[in-house]
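Q: Next come the chains, spelled out residue by residue.
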Amino acid sequence: DGGITQSPKYLFRKEGQNVTLSCEQNLNHDAMYWYRQDPGQGLRLIYYSQIVNDFQKGDIAEGYSVSREKKESFPLTVTSAQKNPTAFYLCASSLLAGYNEQFFGPGTRLTVL
Amino acid sequence: KQEVTQIPAALSVPEGENLVLNCSFTDSAIYNLQWFRQDPGKGLTSLLLIQSSQREQTSGRLNASLDKSSGRSTLYIAASQPGDSATYLCAVDSGAGSYQLTFGKGTKLSVIP
Chain A
1 DGGITQSPKY
11 LFRKEGQNVT
21 LSCEQNLNHD
31 AMYWYRQDPG
41 QGLRLIYYSQ
51 IVNDFQKGDI
61 AEGYSVSREK
71 KESFPLTVTS
81 AQKNPTAFYL
91 CASSLLAGYN
101 EQFFGPGTRL
111 TVL
Chain B
1 KQEVTQIPAA
11 LSVPEGENLV
21 LNCSFTDSAI
31 YNLQWFRQDP
41 GKGLTSLLLI
51 QSSQREQTSG
61 RLNASLDKSS
71 GRSTLYIAAS
81 QPGDSATYLC
91 AVDSGAGSYQ
101 LTFGKGTKLS
111 VIP
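The listed protein sequences derive, respectively, from chains A and B.
With our numbering, the residue at position 68 of the first sequence is 68, and numbering never jumps.
With our numbering, the residue at position 83 of the second sequence is 83, and numbering never jumps.
Just chain A, same shape as in the assembly:
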């Protein structure tokens, strides 16, 4: 089955630690995205990548980093510089950059202890 997978489903982090969230897709999509969802707020874009080895900051990139070494994979690292990282993180992909029907993964819930 084609789709987007995210792991882990739940992640707990101590203050001061960096953690990496995994996102993999087998849809052969060029573009991939990371969003953050907080209660009572709309999804906000963290980073997006239009093509391998290229990525751009979204609206709330501070405290996050990404890489795009393979077409299928777009991992997100939440660094200790992110002041309020507890949230639900969603990864998405679309066929082509600019063809924006986006498909989403199941999400990772990150909690800072």
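Treat the hints with caution; some may be incorrect.
[Said to hold, decoys possible] Simulated pairs of lysine-lysine, BS3-like, Cα-Cα distance not exceeding 25 Å:
1) A:K57 - B:K105
2) A:K83 - A:K9
3) A:K9 - B:K42
4) A:K83 - B:K105
5) B:K1 - A:K57
6) A:K9 - B:K105
7) B:K108 - A:K9
8) A:K57 - A:K70
[Claimed, not checked] Beta-carbon label-pair distances, calculated as ranges:
9) A:Q56 - B:Q54: 26 to 36 Å
10) A:D59 - B:R72: 20 to 30 Å
11) A:T79 - B:A29: 33 to 43 Å
12) B:P40 - A:T5: 14 to 24 Å
13) A:E15 - B:D39: 26 to 36 Å
14) B:G60 - A:G16: 41 to 51 Å
15) A:L113 - B:A29: 39 to 49 Å
16) A:D54 - B:S69: 33 to 43 Å
17) B:T5 - A:G16: 37 to 47 Å
18) A:N53 - B:L19: 39 to 49 Å
19) A:E101 - B:R72: 19 to 29 Å
Note that these hints are calculated values from the structure, not bench results.
None of these values were measured; they are calculated from a predicted model.
Just so you know, even glycine gets a beta-carbon here, dropped at the ideal spot from N, CA and C.
Knowing the structure of chain A, use the given hints to seat chain B on it.
A: This is chain B only, laid out in the frame that chain A set:
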């Protein structure tokens, strides 16, 4: 900056009723508009995508319309079922190379058996 609003924030209807969810956006120069469904603790499921040149799209019991000039879209659900209970999100792509969606905060729908 594009802003997307969804009213009401929550809606409760008896099973079998037809209903309409509303989405408004401030900048009418959009590339497309997408409706999603989100179940609690889950990722987003794409329901319908309307390109800027289209007026409506249909999928089963769902019909989405788009009026760019007035900055509005509606999602019509016919013969609602308890399984339709979820949060419905709309998102707009403002194009111009932004490659990102701007989301509303969603309408939480409860269909009462």
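Q: None of the hints should be skipped; say for each whether it holds.
A: Outcome of the hint check:
Note on A:K57 and B:K105: the hinted pairing holds, with a Cα-Cα distance of about 22 Å set against a maximum of 25 Å. The suggested pairing of A:K83 with A:K9 holds, with an alpha-carbon distance near 21 Å, which does not exceed 25 Å. As the CA atoms of A:K9 and B:K42 are separated by approximately 10 Å, the hinted pair is consistent with the 25 Å bound. In summary, the hint linking A:K83 to B:K105 is supported, as the alpha carbons are separated by about 23 Å, within the 25 Å threshold.
Note on B:K1 and A:K57: the hinted pairing holds, with a Cα-Cα distance of about 16 Å set against a maximum of 25 Å. Taking the CA atoms of A:K9 and B:K105, the gap is about 23 Å. The hint holds against a cut of 25 Å. Between B:K108 and A:K9, the direct Cα distance comes to roughly 23 Å. Compliance with the 25 Å bound is thereby established for this hinted pair. Straight-line distance between C-alpha atoms of A:K57 and A:K70 comes to about 18 Å, which keeps the hinted pair within the 25 Å bound.
In this structure, A:Q56 and B:Q54 meet the distance hint of 26 to 36 Å, their C-beta atoms being roughly 28 Å apart. Taken as a hint, the range 20 to 30 Å holds for the pair A:D59 and B:R72, whose Cβ atoms sit roughly 24 Å apart. Distance hint check for A:T79 and B:A29: the Cβ-Cβ separation is about 35 Å, which falls inside the suggested range of 33 to 43 Å. In this structure the supplied range 14 to 24 Å holds for B:P40 paired with A:T5, their Cβ-Cβ distance being about 20 Å.
For the pair A:E15 and B:D39, the beta carbons lie near 31 Å from each other, so the given range of 26 to 36 Å is met. In this structure, B:G60 and A:G16 meet the distance hint of 41 to 51 Å, their C-beta atoms being roughly 49 Å apart. Taking 39 to 49 Å as the suggested C-beta distance range, the pair A:L113 and B:A29 conforms, at roughly 44 Å. Here the CB-CB span from A:D54 to B:S69 is close to 35 Å, well matched to the stated 33 to 43 Å.
Between B:T5 and A:G16 the C-beta distance comes to about 38 Å, which sits within the given range of 37 to 47 Å. Between A:N53 and B:L19 the CB atoms are about 46 Å apart, so this pair conforms to the stated range of 39 to 49 Å. Between A:E101 and B:R72 the Cβ separation comes to about 20 Å, which falls inside the hinted range of 19 to 29 Å.
In this structure, every one of the numbered hints holds.
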